[in-house]
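Student: Chains as they are written, first to last, in the working numbering: chain X, 1174 to 1466; chain G, -15 to 316.
Take the hints with a grain of salt, since some may be wrong.
With a cut-off of at most 25 Å between alpha-carbon atoms, the simulated BS3-like pairs for lysine-lysine come out as follows [said to hold, decoys possible]:
{"#": "1", "chain 1": "G", "residue 1": "K66", "chain 2": "G", "residue 2": "K98"}
{"#": "2", "chain 1": "X", "residue 1": "K1263", "chain 2": "G", "residue 2": "K98"}
{"#": "3", "chain 1": "G", "residue 1": "K98", "chain 2": "X", "residue 2": "K1438"}
Here are some chain X residues the structure puts well away from chain G; computed CB gaps all over 10 Å [to be verified]:
{"#": "4", "residue": "G1265"}
{"#": "5", "residue": "F1289"}
{"#": "6", "residue": "R1336"}
Read the hints as simulated data drawn from the structure, not as lab findings.
Beta carbons: idealized from backbone N, C-alpha and C, even for Gly.
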Amino acid sequence: MGAPELLQFALAGLKNGSIYALVALGFTIVYASTGVINFAQGEFVMLGGMLSVWAHSTLGLPLPLAALIGILGTAVIGVVFELLAIRPRKDGDPLALIIITVGGSLLLSNLARHVFGPSERSLPAFTAGPSLRFLGATLERQSLWIFGLTALAVVVLTVFYSRTRLGRAMRACSINRTAARLVGVDPKRLVTISFALAAALGGLAGVVTTPLTQTAFNVGSSFGIKGFAAAILGGLGNPIAAVIGGLVLGLLESMSIAFLSSTYKDAISLVVLLLVLFIRPQGLLGRGGREKV
Amino acid sequence: MSLLREHWRKLALLIVGAGVAVVPLFVTGTDARYVLKVLSFVGINALIVLGLALLFGYAGQVSMGHAAFFGLGAYASAWVTKSLGLPWLVGLAAAVLLTAAAGILLALPSLRLKGHYLAMATLAFGEIMRIAFVEAKGVTGGPDGLSGIPYASIGPLSFDTPQMNYWLVWGVLVLAIWLAANIVNGRPGRSMRALHGSELGTMASGINITGIKVRVFTLSAVFAGVAGALYASVVGFVSPSTFSLHLSVILVAMAVLGGTRSLAGPLLAAVVLTLIPYADAILPGLSREVMTVIQEWEADVYGLVIIIVILFMPGGIAGALRGVFVRGGEAK
């Protein structure tokens, strides 16, 4: 295999990996505030895509506005889901919350089927034009949007966590909930905000990937599994690790296509997920400390 | 529990059991074949949910991959009986051994960790198996599945009519309920109840929590595997689309609706929720339009049921029944 082909596979891997990274960030943010894996995270990706397709094709709105509606609309749905289904369970029992998100995932995907219909939908590429040539490899223009918007999301999130009061409160709360409350942080509000952020990131992933891959009411669970595998691979609870986990997973997948066969592409992330869970549950970048009783 | 109440309990169980056993004698007419098949599906789902009830209601864990164990059992017995031409009991044994092995391999590493890693591991396992069922064409027949799977038979006894299939499924289910009840009321059950009180306290009493959880999970996997073997011989056809994440979630919905620390609640939930999409089997008057609406909205309702039960009636059906029968609060 020559260098251009290898580069081609690497670019495809990074493109998918960026999407996984966005989904993984959503898992990480909700996990940090609730200690729970949100099984509905993949549905946010589906909703972002479906809402923007609806805004663009059915309402006839221009693409940038439709994309914005996809992201903000998903964030609103995330908040509503948190307020109606997560917050009323006051004891925050992880098993109960996990099962609620499983139910939420089933409900959201089927409601989407009723509202938007069962067929596959697509969006036009953000920038029209032929693919770009790059060191012998080709790159769709949409991939540049994916790289750029993922990078932007990571930068915004980093600034949010390190520079804003709210972001610092969220970090404090994930480190020690009780101590954060003692200094006047309201954990309940932060859980709602974490769902808004996670949903917006999932929605963004759905909006940017729809022009390339199409979307449908039932794509959520596969995005969810890939994103979760990425989050676990990096180490749950750490945003930077989630991004690295996503990119590594995307590269692993495309290299498996390059060197093995495309049949097992989807199995790669699942095997990675199981191996990391079994061998190194704190993830590649997580700290090794054993959990105390 | 007083001796008198124990007697009443046994009598009630006997009546329910006898009622279930004579059902095929009263189901006649043109739909008999359809109705009995639906009731066999009910028994098969109830068997899987029984295992999930032990796992969820007693061990405090949830599996997102039981459809895969169901499929593993179905393909194992189908392959052994159809492709190898071996007796049905050998197929059943293969289903049990395979699902037990897969269950232990999955449970040991993920239950060693605190928290709910089992849910994630079973989710990944389920998706891997879904790919395997499609890709291992030599054994599974690929996307088209396997057809022409022989009926179950034990020696000269052949389960080749809808009535016999019904009795086979429900007979196995009764055996499984007896087994599960013994576990729940015996030493392992007491340890599992202690887990709910205090995990640390249970450990301090010298009870191997991980060991118990692993055994409960493995048993629930085997129940699903046996259900798969029954399914393959009752339907005569298996294909990968049956064993989806969607099915796993619906099975969890049944266990959750049934409630914790109960076997009767989850069994009742399995019966009711399985019958909903086949409501025309027990209510022959239902029009086609009504059935279309039910089937169209079924999944939405399941999702909603999961959320509402966990939020507003965390004891599920079992908890609600306890509230009715035991005045002055929850029975311990």
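Student: If a hint holds in the structure, say so; if it does not, say that too.
Tutor: We went through each hint and held it up to the structure:
no. : hint               : result
1   : G/K66 with G/K98   : violated (42 Å)
2   : X/K1263 with G/K98 : holds (22 Å)
3   : G/K98 with X/K1438 : violated (30 Å)
4   : G1265              : holds (12 Å)
5   : F1289              : holds (14 Å)
6   : R1336              : holds (32 Å)
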